[in-house]
Amino acid sequence: MKILFLSDIVLEPIAKALKSKGDNQVSISFHEDLLGGLFNITLEQLQGFDLVYIHTDVRFKKHSSDKISGILKQLVRLCSISTANFLCADLIELPFPKGVLSKGIGNVNDAWESISNETTALNQHPNFYWFNLDQHFRNLGYDNIYTYSLGHLYQMPYNKKAIEVFANLIVQWIDFLVCPEKKVIVLDCDNTLWNGIIGEDGLTGIRCDLSQEGVQFYHLQQFLLERKNIGFLLCLCSKNNEDDVKEAFETLNMPLKWDDFIVKKVNWEDKSLNIKSIAQTLNLGVDSFVFLDDSDFEVQSIRSLLPEVKVFQIHKDYQEFLKITDSFVFCRKQLSAEDLRKHQQYIEEASRKRDEGSFESMDEYIKSLEINLDIRCNEPADFERVSQLTQKTNQFNFNKVPYSTAEISEIASQNSIYTLRVSDKYGDYGLVGVIIILHKNNEVILHNFLMSCRALGRRIEKDFLRRVSKEIYESGSSIIETQFVKTDRNKPAEDFYLQLSKQPIWE
Amino acid sequence: MGITIEKLQDIFRSAFSSEVEINLETTKDNLPDWDSINHLNLIVELEDGLNIHFQPDEIESMKSVKVLLDLIQKKSNV
Numbered sequence: 001m002k003i004l005f006l007s008d009i010v011l012e013p014i015a016k017a018l019k020s021k022g023d024n025q026v027s028i029s030f031h032e033d034l035l036g037g038l039f040n041i042t043l044e045q046l047q048g049f050d051l052v053y054i055h056t057d058v059r060f061k062k063h064s065s066d067k068i069s070g071i072l073k074q075l076v077r078l079c080s081i082s083t084a085n086f087l088c089a090d091l092i093e094l095p096f097p098k099g100v101l102s103k104g105i106g107n108v109n110d111a112w113e114s115i116s117n118e119t120t121a122l123n124q125h126p127n128f129y130w131f132n133l134d135q136h137f138r139n140l141g142y143d144n145i146y147t148y149s150l151g152h153l154y155q156m157p158y159n160k161k162a163i164e165v166f167a168n169l170i171v172q173w174i175d176f177l178v179c180p181e182k183k184v185i186v187l188d189c190d191n192t193l194w195n196g197i198i199g200e201d202g203l204t205g206i207r208c209d210l211s212q213e214g215v216q217f218y219h220l221q222q223f224l225l226e227r228k229n230i231g232f233l234l235c236l237c238s239k240n241n242e243d244d245v246k247e248a249f250e251t252l253n254m255p256l257k258w259d260d261f262i263v264k265k266v267n268w269e270d271k272s273l274n275i276k277s278i279a280q281t282l283n284l285g286v287d288s289f290v291f292l293d294d295s296d297f298e299v300q301s302i303r304s305l306l307p308e309v310k311v312f313q314i315h316k317d318y319q320e321f322l323k324i325t326d327s328f329v330f331c332r333k334q335l336s337a338e339d340l341r342k343h344q345q346y347i348e349e350a351s352r353k354r355d356e357g358s359f360e361s362m363d364e365y366i367k368s369l370e371i372n373l374d375i376r377c378n379e380p381a382d383f384e385r386v387s388q389l390t391q392k393t394n395q396f397n398f399n400k401v402p403y404s405t406a407e408i409s410e411i412a413s414q415n416s417i418y419t420l421r422v423s424d425k426y427g428d429y430g431l432v433g434v435i436i437i438l439h440k441n442n443e444v445i446l447h448n449f450l451m452s453c454r455a456l457g458r459r460i461e462k463d464f465l466r467r468v469s470k471e472i473y474e475s476g477s478s479i480i481e482t483q484f485v486k487t488d489r490n491k492p493a494e495d496f497y498l499q500l501s502k503q504p505i506w507e
Numbered sequence: 508m509g510i511t512i513e514k515l516q517d518i519f520r521s522a523f524s525s526e527v528e529i530n531l532e533t534t535k536d537n538l539p540d541w542d543s544i545n546h547l548n549l550i551v552e553l554e555d556g557l558n559i560h561f562q563p564d565e566i567e568s569m570k571s572v573k574v575l576l577d578l579i580q581k582k583s584n585v
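So the sequence lines, in the order shown, correspond to chains A and B. Residue numbering for the first sequence follows the working numbering, starting at 1 and increasing by one per position. Residue numbering for the second sequence follows the working numbering, starting at 508 and increasing by one per position.
Chain A extracted, bound-state conformation (with noise of 0.2 Å):
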C-alpha cells in the first residue's frame, strides 16, 4: 500500500509505526501551512498513491474557520481529480460542538455554517473518507496524548501510546479500503441471537430483551437490523428445529423478525456445508461473509475450513460485544440507492430460483422471466454509479481499471459509456451492466464490459453485448479489439470472452 501523509503535523513517528506493521509505503508531506501545501500539490504528484490521508489538529493548531473551510475546499477539488482514497482525521473540524458555546461567542454557529456545505460536498465523494480520530484520542484522554514540549519544538505533539493507537487505526483503515466489502452475515440462534437455548429452554426460557441477562443479544439484534438498512444480508446458520426458530422469531418481542433474514438454514447439518450453500443462492462469494456464533467447535471449524470467512466468537460479556460491534467489517464504505435496495433484491431473486425448477428448460425459464432491457449511452446522472461498478465488481469485469466518476464523465467527452439497466416480472435489477468503447483514430476497442453478479446466469450479457454492437456496426464501424485482463476473481467474464474470440457476436 502506497501512502501519502499531507500534514501541517509532523508524521514521521506514525509512518515509522506504520513501516513496522506490514508492507506499507509512506511518504509524507509536510507544509508549515497545510492549505498552501494542498494548493501546490499536482495531479502528478498524487499518482501512484492508493491513500492520501490528511491531517491537521485544530487542539494543537487553532486555525480559524476560515480556513478550515479553504482546506476543505481544495479537498473537494483533489477528491474530484484522483482516483485515490482521501482519508481525513476529523481533527479537521472545529473543535467545539454545535451550538455548545453559542452564547458567549456568537459567531460559533456562523463558523459551523460555513463548513458544512464543504463536508456536505465532500461526502458526496465516494473516494473520500472521514477517520473518526477524535472519538478515539476522546476514548484514551487528551491529557494522555498530548506532549506539548515535543509539539512546540517539533510540530509533533503525540506521545507514544497515541502514535500506536493512530498507528493501528490506519492499518485498519486500509484493510478496510483494500479488502472486499462484506456482504452477508450468517447468524447463529442459541447463546448468539439470544440468551439460551430454544430446544432446552424453550419460549419462555431463553433472553433477548432489556434485561440484564438479555440487553447484550437485545443490543446484537438491534444493531443487526441497522446492518439490514445500509445493505447487509442476514442469514441464519442454526443447529435446531425450524419450527422451534421461526416460532421464537415470530412470538418473541425482539428487534429481528423471521423475514429480516434472507436464507434461513435451520438444520443439523454441517455449518461450513449451510454456508457454501448460501453462498450459492445468493451467488456471492464466502470471502464477503461474516459468521458469528457462541461456540468454539463451530468457530474452530469454520475458521479452519472456510478461512475467507471473517469469523466472531460471542462471549456473554458486553465489553467483548462492543468490540465486534466496532469492528470496521460491519461498515460500508459509499451507500447507493441500490445498497439500500440489496434485501428487496434478493427476496426477488430468491422467487426466481424458486419458480426456476418448475421450468423445462433454461431458455423457457428465462422466456418466462420477461426480461427488459433498458440500454443508455453517456449518460450523466449515471457516471457515479458506473464509477462504482468498475471499483466493486470483480466476477465479471473484463478490464479492473477503477475510474473515479469524473474519469468516467472525461472518457464519455470522448467515447461511449453505455449502461444497462434491467427488470424484469419480478423487479427491479437496477443498473447493472457498463460497457465502455474507445474511440480511437476511427478505430473501435471493446475497452471494459462489466456486470453485476446479481444479473448473471440470464444471458442478459450476451443481448446487451449484441444490442451495443448493432448500435456501432448501424453507425458504419464495429469492434476490432476487446481489452481483456485476467484477474484471480474474474472467472465468469473470461469464460464469456474465450466463448466470444471463438465466435463473436457481431458477426
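In case anyone wonders, no lab produced these hints; they're calculated from the structure. A portion of the hints provided could be inaccurate.
[Said to hold, decoys possible] Computed list of lysine-lysine pairs in DSBU-like fashion (alpha-carbon distance at most 30 Å, straight line):
hint: 1; chain 1: A; residue 1: 161; chain 2: B; residue 2: 570
hint: 2; chain 1: A; residue 1: 21; chain 2: B; residue 2: 581
hint: 3; chain 1: B; residue 1: 535; chain 2: A; residue 2: 161
hint: 4; chain 1: A; residue 1: 160; chain 2: B; residue 2: 573
hint: 5; chain 1: A; residue 1: 161; chain 2: B; residue 2: 581
hint: 6; chain 1: B; residue 1: 573; chain 2: A; residue 2: 161
hint: 7; chain 1: B; residue 1: 514; chain 2: A; residue 2: 160
hint: 8; chain 1: A; residue 1: 160; chain 2: B; residue 2: 535
hint: 9; chain 1: A; residue 1: 264; chain 2: A; residue 2: 367
hint: 10; chain 1: A; residue 1: 61; chain 2: B; residue 2: 573
hint: 11; chain 1: B; residue 1: 570; chain 2: A; residue 2: 160
hint: 12; chain 1: A; residue 1: 19; chain 2: B; residue 2: 535
hint: 13; chain 1: B; residue 1: 514; chain 2: A; residue 2: 161
Following the hints, put chain B in place on chain A, whose structure we already have.
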C-alpha cells in the same frame, strides 16, 4: 536511580530502528543516525519508557549521551 547505558542503548535502538552502538562519548555530531527526526523519535521513546516528561529547553540541550544520562538522573531523583 537513573538508567544504565545498556538500557539507554535499547531505547536508542527502538527509536532509530537500527542497531546503533552508544557509549559515554557518543554525541549528536559523531552518531550519523542521530538526526532531528530520530531525535524526535528518541524523546517519544524516552518519555514513554521512563515515564518522565522533558521541557523544550531540556530537549534541545540533549546533544550527547552524557548530557542525556545526567538529565535522566536528575529527573528520576526529583
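Going down the list of hints, with the structure as the test:
{"no.": "1", "hint": "A:161 with B:570", "in the structure": "25 Å, holds"}
{"no.": "2", "hint": "A:21 with B:581", "in the structure": "36 Å, violated"}
{"no.": "3", "hint": "B:535 with A:161", "in the structure": "26 Å, holds"}
{"no.": "4", "hint": "A:160 with B:573", "in the structure": "24 Å, holds"}
{"no.": "5", "hint": "A:161 with B:581", "in the structure": "25 Å, holds"}
{"no.": "6", "hint": "B:573 with A:161", "in the structure": "27 Å, holds"}
{"no.": "7", "hint": "B:514 with A:160", "in the structure": "18 Å, holds"}
{"no.": "8", "hint": "A:160 with B:535", "in the structure": "22 Å, holds"}
{"no.": "9", "hint": "A:264 with A:367", "in the structure": "29 Å, holds"}
{"no.": "10", "hint": "A:61 with B:573", "in the structure": "34 Å, violated"}
{"no.": "11", "hint": "B:570 with A:160", "in the structure": "22 Å, holds"}
{"no.": "12", "hint": "A:19 with B:535", "in the structure": "25 Å, holds"}
{"no.": "13", "hint": "B:514 with A:161", "in the structure": "20 Å, holds"}
Violated hints, listed in ascending order, are 2, 10; each of the other numbered hints is respected by the structure.
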